[in-house]
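Student: What follows is the residue order along each chain.
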Amino acid sequence: MFTRGYQVSSSGLLIVCLIYLQTEDVDGPLVKLPPPTTKLPREKHLPKPKPPTKWEEFAKKKGIKKRKKDKVVWDEQTGTWKRRFGYDHVNDDKDIPIIEAKMTDEPGEDPFAKRQDDKKKRVEKQEKNRFQNLKQAAKLGALPSHVQLAATALPITGTQVPPKKVTKDELGNVAGMAATSTASGGKFDRKLPGEKPAKKQGKHRKFLPVVEGSGIGSREKEQTENVLNKLISKHSHEILNVDKAVTMYNVKKEKKARIERIKKGGHHQPQTS
Amino acid sequence: MMKIKTPKKGRVKRELDKRAPKLVETGKKTLILQGTKTSGTLNSVLSEIYHLKKGGAVRFTRKNDNIRPFESGGETSLEFFSLKTDCSIFVYGSHSKKRPNNLVIGRMYDHHVYDLVEVGVENFKSIESFTYDKKIAPRVGSKPFIAFVGEGFENVDELKHLKEVLLDLLQGKVVENINLAGLDRAYVCTAISSNKVYLTHCALRLKKSGTVVPRMELVEVGPSMDLVVRRHRLPNEGLRKEAMKTAKDQPKKKVKNVSSDAIQGTIGKIYIPDQKVGEMALPNKAKGVKRERREAKNKDANEHASKKQKEESE
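Sequences listed follow chains A and B, in order.
Counting with full-length UniProt numbering, you get residues 1 to 273 for the letters of the first sequence.
Counting with full-length UniProt numbering, you get residues 1 to 314 for the letters of the second sequence.
Honestly, the hints are just simulated from the structure, not real lab data.
Honestly, I wouldn't trust all of these hints.
[Unchecked claim] From the structure, some residues in chain A lie toward chain B, with a derived Cβ separation under 10 Å:
#1 36
#2 47
#3 51
#4 146
[As the list claims (entries may be wrong)] One-sided excerpt, in silico: chain B residues whose CB lies under 10 Å from chain A:
#5 21
#6 88
#7 111
#8 115
#9 181
#10 301
All figures in this text were calculated on a predicted structure; none of them were measured in a lab.
The beta-carbon is built from N, C-alpha and C at its ideal position, and this holds for glycine as well.
The following block holds chain A by itself, in its conformation from the complex (with noise of 0.2 Å):
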């Protein structure tokens, strides 16, 4: 086929220009590729370099440069090296036994408490000044890749009620509650596919058909038959229920024969199931 000469031919004059790039290494033959001529577009877009700290910015105007620091540092406390920070680290305040006290100080306070609330607050102070210098770089948009700003519970003022998670059966009548308010009663809404019909809310009602028969029907007459009896009492002889009646003395009579036998019985009761 033609086409192999071609692909011979043109796959040779790159190996001769390889060739004569080539330098002997220990590996092979090493060949540094000069740069390419095809611009290709990038995956990604090019990253934003990160903007400096407030330290750093104060450090440059300064002159304050970085010092090298060790890893174990001698601890005066307890007369050993200990790491610089992390477990067992020099200057702990556990170590401090005796803490003399001084003429400026007050007479009711602890001094280990006052010490560890001052550590507490300087931690604080340094989280807040890294979260500054985090949302600065995050609105340039050079925030670090394995860093994310993430949103949390806004602050509810007055009492400290923890925000109520919102659950999945809740969050689907939520738009059927907003399409309440609509004039016609979200009835004729453009439901998203998937989304299923609201859920009736409040008592449930049936009323009667509207075309029944002839004349009033049969279920609108029993309706307004009922209604009628209840108000007029034309069986005013059922205003007494009879059974209800009938088991309120028998409740009474058995309670009374109870109370007879425990009296003249004592401790031989028998058990009445």
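For this one, chain A is given, so just place chain B on it according to the hints.
Tutor: Structure of chain B alone, referenced to chain A:
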């Protein structure tokens, strides 16, 4: 209220850093997936492309019916997959009556679709159909030679675009040095007509010859297919300019009053302001100047003396 979230495991941090945008990029990962219907040839095409790109490719085997690359709404799924698998090239195969054995090769910029090329596969010959000596088979992940033969690749718009996309797809890892002993594969694309390209994959063998230049042998291995360009979508200009930016482009600050000449080299211009001769200070102190100074000094001394007298009198 916001809080800082950092990963608790070092492994997660390393993975996130790998996916972060870099100044100089090493190769792109490929996502290979299919649509609702595929044919037998298309299935083998997709699996063979996956084998060729074993180190840097992800293969999805389920059908995806909501992906339509050329429609405006049909790319969201692709962009989501690209984000999750960190792949910047995708190969989407589908088969229909109107477009049989269809392959859409697309690239992403920042996980959004950058450009697309739709090709149809004809006359596909799979790896199994070629017989060759197994010893010369190219190894997985070796850097290939890519040759584009035919003037269509310079003239025709679609073929130019296809050339760029194929380069990106077949490139593999971007490296600065290569070992000549490890060159064992070549992709050859020949432009047969203004919309047809014959792509084949060959194994390369360099044999000792008398001179420094070794004798070459190309043996057809691997799949060969005819690609018919059907549709293509170029990126819009603004996006293209942004994607083509490299790190070296940035420091191009214009230095004023400096120009370079081929003959004389670098030439600089210096502008000198007008000299005001009358107001210049003389270098040798003339006698007249000295006397004025002495007189001024004496005057001051007299004033001081008079002031002191005033204070004393008070």
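Student: Give a verdict on every hint.
Tutor: Results for each hint:
Interface restraint check for residue 36 of chain A: the shortest CB-CB distance to chain B comes to about 9 Å, inside 10 Å, so the restraint holds. At a threshold of 10 Å, the smallest CB-CB gap from residue 47 of chain A to chain B is about 5 Å, leaving the interface hint in force. Annotation: residue 51 of chain A was flagged as interfacial toward chain B, and the flag is violated, the nearest CB pair being 16 Å apart, outside 10 Å. For residue 146 of chain A, the shortest C-beta to C-beta distance to chain B is roughly 4 Å, which falls under 10 Å, so the interface hint holds.
The interface hint given for residue 21 of chain B is met, as the beta carbon of that residue sits about 4 Å from the closest beta carbon of chain A, less than 10 Å. Interface hint at residue 88 of chain B: satisfied, since its Cβ lies 4 Å from the closest Cβ of chain A, which is below the 10 Å cut-off. About 8 Å separates the beta-carbon of residue 111 of chain B from the nearest beta-carbon of chain A, less than 10 Å, and the hint is met. Because the beta carbon of residue 115 of chain B sits about 8 Å from the nearest beta carbon in chain A, less than 10 Å, this interface hint is met.
At a threshold of 10 Å, the smallest CB-CB gap from residue 181 of chain B to chain A is about 4 Å, leaving the interface hint in force. Given hint, residue 301 of chain B at the interface with chain A, is violated; its Cβ is 46 Å from that chain's nearest Cβ, farther than 10 Å.
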